[in-house]
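Undergrad: Residue numbers (this note's numbering), protein chains in the order written: chain E, 1 to 396; chain L, 1 to 295; chain V, 1 to 101.
For the record, the hints were derived by calculation from the structure and aren't laboratory data. Only a predicted model underlies this, so the values are computations on that prediction, with no experimental measurement involved. Hints are not guaranteed to be accurate.
Below 30 Å or equal to it, Euclidean Cα-Cα: the simulated DSSO-like pairs (lysine-lysine) are [said to hold, decoys possible]: (1) Lys220(L) - Lys68(V); (2) Lys220(L) - Lys70(V); (3) Lys197(E) - Lys19(L); (4) Lys72(L) - Lys84(L); (5) Lys85(V) - Lys247(L); (6) Lys188(L) - Lys64(V); (7) Lys85(V) - Lys246(L).
Partial selection, computed: residues in chain L whose CB lies under 7 Å from chain V [said to hold, decoys possible]: (8) Trp45; (9) Gly145; (10) Thr212.
Computed, partial: chain V to chain E, Cβ under 8 Å [as the list claims (entries may be wrong)]: (11) Asn6; (12) Met10; (13) Leu13; (14) Gly17; (15) Asn71; (16) Asn73; (17) Gly98.
Glycine included, every Cβ here is placed at the ideal spot set by N, Cα and C.
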Amino acid sequence: MSIRERLSGNEAAATAMKQINPDVVAAFPITPSTEIPQYFSTFVANGVVDTEFVAVESEHSAMSACIGAEAAGSRAMTATSANGLSLMWEMIYIASSLRLPIVLSLVNRAVSGPLNIHCDHSDAMGVRDAGWIMLFSENNQEAYDNTLMAHRIAENEKVLLPLMVCQDGFITSHSIENIELEEDSEVKKFVGEYHPKHYLLNDKEPIAVGPLDLQSYLFEHKAQQAEAMKAAKDVILDVAKDFEKWTGRHYGLFEEYMLDDCDLAIVCMNSTAGTTKAVVNELRKNGVKAGLLKIRVYRPFPGEEVAKALENVKAVAVLDKADSLNAVGGALFEDVVSSMYVAGNKVPTVNYVYGIGGRDTTTNDIKSVYNDLAEIAKTGKAENPYRYLGLRKGEN
Amino acid sequence: MCAGCGAPPVARHIMRALKEEDHAVVANATGCMEVSTFIYPYSAWTDSFIHTAFECAGATLSGVEAAYVSLKRQGKLPEDKHTKFIAFGGDGGTYDIGLQSLSGAMERGHDMTYVCYDNGAYMNTGIQRSSATPKFADTTTSPAGKVIPGKMQSRKDLAKVMVGHHLPYVAQTAAFMNFKDLYEKAEKAIYTEGPTFLNVLSPCPRGWGYATEDLMLINKLAVETCYWPLYEVENGVYHITYKPAKKLPVEEFLKPQKRFKHLFKPGNEWMIEEFQKEVDSRWQELLDLEEMTNK
Amino acid sequence: MSEITNKTPMDDLTIGGNIYTSGNAKNFKTGDWRSQRPVFHEDKCKQCGLCFPVCPENAIPVGKEDLKRKNFNFDYCKGCGVCSKVCPFGAITMEEEGVNL
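Using the sequences plus the hints, can you model the full thing?
TA: This is the structure in C-alpha cells:
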C-alpha cells in the first residue's frame, strides 16, 4: 500500500535516497539542492541509514569520492545543481567512462554567469554528451519514482552507466505537493542488493581501474559506452514495467498527453509540462487539438520513438530551458528535429528558448506558443525557427 | 618510467612496508607514475589500484575508504581482513592542483596514507615549475633567461602545511642510507590510524639534469646539505631523524644539476648565497621546532 | 581475461579499461630501451646488498633461499647505471649495449 504524504521535491529525493540506503553519500551543498545532503546527513546522524556520509570540500571531490566508493564495490549517491555540476564536469566523464553506476540527484539551476540561483536546464545540458543516463521529472512524485528506479537501470549488466535524476530547482524542489510513497521494505525489495562483479575491495581479485588508454583502445572503450547507452532504452522500459506492477504508476520513455489526435504539439521537459497540460486542457475545451510530448528519458534520447509520436501532427514547438548559444537552437530542439529528419518526418517545427534564470513561464506564454503553432499549421511553414518565449525586446 | 627515475624505488619500498597479509587499495594522481604503471592492458600494481584524474587522488581514495568503512560496518566484507589505503601523487598533483582534495581528505580523517613523490616540477608534461620547485631552478616555465634567472619564488613547505592539519603522523623522507628511513616511516604512516602524510624526495634525471647513475648520490647530497631534511612529526612533536655530522655546503647539491647551472656563472654568486641562506634558516627553524615540541 | 592486444575486437575488451589480472605489466618488457648495459662481475661481488634496492626496475633478482643477488634480468633493465654507481667493489661495470654480444 502506498503512503499518502505531502513533500517538497527535495524531500522526495532525500526520502528515496533514505529508502535506497546507499553505502556512501558524498556531497557538497549548493542551492537549490542543498536540502538533499542536509536531510540525508540527518538520517545518518539518527542512524536510520547504514550510509557513510562524506562531507567533501567541493563538488569535484564529491564526484571523485563517489567514483572511488562505487569502484570499491559500494553504492554511491550524490546531489548537486548548476555550478556544482560544472565543477564536477571532469569527473562526470570519468564516472561514465569507468562504467560506474553512480546515481546523482540534479536539481536544475542556471549555470553562472552572471550568478543566478534559479531554475533553467543549462546545468544538465552541459553534460548531455557525457555518457550519463538522464531522467527528467515533472514533479516531486516523478523525482521520487525516477530515483527508486535508478539503480535497477544503472546497475544492469548491459548498462553499467551512471544516472542522474533531474527536477526543476525551486519550482519543484521547494514546492510541497501531494505524493505517494512506498513502504521501506518494498523499496528495498524492488531496488535489490548491489553485487558488482569486480571491485577494488575484493582482496581475492585485486583490480586496476582508470588506465592510460591510448590510440589502440580508447575508441573501442567509447563505443562500448555507446552500446551500453543504446541498451539502456529497453532496460529503462523493463524496469518501468516492474515499477508499474508494484505501484500502479506508469512510466515510458516520454509521456504523450493528448497526442493521439493532436494537431499542435509542444515538446518539453520537467515542470513546464505541468503548465502545458493545463493549457492543453483549456484549448481542448475550445476545440483546439493541442497536445504535449513530455520527455522523461533525455539520455538515451528516444529519437525514433519521438519522431514516430510526432508524425501525424501539423506543427511542433520544442521548448528549451537552456540556450545552446549556437545561433541555431536549443539542445532538445536539435535532438528532436534531427530525429524527425532521419525518420523522414517533415512536420514544421520551431524552437522556443524560455525560462532562463528562473523567468516564470505562465499559461499565457504557453498559449502564445499554441497560437503560433496554429499559424504555422495553416501555412505549413515554420519561419525563424529559433525563437524566444517571454523575452523583453525593443520594437526593432 | 625513465631509466634512473627516483620514483619507482620509492614506491616499491613504501609498498614493501605493507604487511604481507594485508591488502591495499592504491590511488594515483595523474602523473609520470600513473601513466607508466597502468597503460591498458597492463597494470604493474599487484594490489588494487585506481586512477581517476590529476587533482583528486585524495578525494578518490576518500571514497574508497568510506566504502570500506560502510561495508565493513554492515558486515559485507570479511571481518578478519584488513585493507590499507595509500595514495601516490607527484608534486603537481599534491602541492598544486591536488592540494584542496588532499587537504579535504586529511581534515576529514580518512584512514589513509598520502605519499607525495616530490620531483620538484611538473615532469610528466615536460618540466614546468611547480610550487615545489626550488628557487632559481631552470624549468620550461621558469627558464633562466637574460633578465629573469629561473624561478624567483621559494618552494612551498608542504610537510608543514600537513602538520597544520594536526595529523597523527607527517614525515619527510628520501631514499637514503639504504632506504631505512623511508621504509620505517612508510611502515609507521601506513599502520598509524587516521590520515598520514609522507613527503618523499624523488630525483628526476631529466628534469634536474644529472647523469642517471647518480640517483643515490643526489639523494645523499640533498640530505647531507640539509636541503631536504629528514624528519617526522608525531601528534605535533617534531623529531629530526638524521642530523648530518658535518652539514655540507648546498653548492654540492646544486653543482651536479643542470637546472642550477646558471648559478655557477661569474656574477651569480649571490644566488648560491641566497640559496644557502634559505636552507640554513629552514634547517634552523626545524631544529627550533624540535626543541620546542619536545620540552 | 584472455590476452588483450590491439587486434582484440571491442566486444572482448574489458569495460572501462579495467584490468582484472593485476601485475600483468610483467608481460611488458622494457629491456629494449637500454643503451648502456650493466655487467656483473661475480668474483668481485661481496653480496653487500646495496645494489638491488636502488634498482628502479627491480631487475636485480635475489635468491629466495641464499639471499644472494644473481645476474641482471635484462628483460627489464633499462641500463640507468644506478647500481653500478652504488657498488663499492667495482662488481658492476657499464658498457655500451650491443657491442660485446
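Undergrad: Each hint needs a verdict: does it hold in this structure or not?
TA: Right, here's what the structure says about each hint:
Between Lys220(L) and Lys68(V) the CA atoms are separated by roughly 26 Å; this keeps the pair inside 30 Å, and the hint holds. Of the pairs offered as hints, the one joining Lys220(L) and Lys70(V) holds, with about 26 Å between alpha carbons and a cut-off of 30 Å not exceeded. For the suggested pair Lys197(E) and Lys19(L), the alpha carbons sit about 27 Å apart, so the restraint of at most 30 Å is met. The suggested pairing of Lys72(L) with Lys84(L) holds, with an alpha-carbon distance near 13 Å, which does not exceed 30 Å.
Between Lys85(V) and Lys247(L) the alpha-carbon distance is near 23 Å, which keeps this suggested pair within the 30 Å criterion. The suggested pairing of Lys188(L) with Lys64(V) holds, with an alpha-carbon distance near 26 Å, which does not exceed 30 Å. With a CA separation close to 23 Å, the supplied pair Lys85(V) and Lys246(L) stays within the 30 Å bound. Hint status for Trp45(L) relative to chain V: holds, with the closest Cβ pair at about 6 Å, below 7 Å.
Taking 7 Å as the C-beta cut-off, the interface hint given for Gly145(L) is violated, the closest approach to chain V being about 31 Å. Residue-level restraint check for Thr212(L) holds (minimum Cβ-Cβ distance to chain V is 4 Å; threshold 7 Å). Interface hint at Asn6(V): satisfied, since its Cβ lies 4 Å from the closest Cβ of chain E, which is below the 8 Å cut-off. Given hint, Met10(V) at the interface with chain E, holds; its Cβ is 4 Å from that chain's nearest Cβ, closer than 8 Å.
Of the supplied interface hints, the one on Leu13(V) holds, with its beta-carbon coming within about 5 Å of a beta-carbon of chain E, less than 8 Å. The closest approach between the C-beta of Gly17(V) and any C-beta of chain E is roughly 4 Å, which is under the 8 Å cut-off, so the hint is satisfied. The interface hint given for Asn71(V) is violated, since its Cβ lies 30 Å from the closest Cβ of chain E, which is over the 8 Å cut-off. For Asn73(V), the suggested interface contact is broken, since its CB lies about 23 Å from the closest CB of chain E, more than 8 Å.
Here the hint on Gly98(V) is broken, as its CB sits about 28 Å from the closest CB of chain E, past 8 Å.
Against the hints set out earlier in the document, violations occur for numbers 9, 15, 16 and 17.
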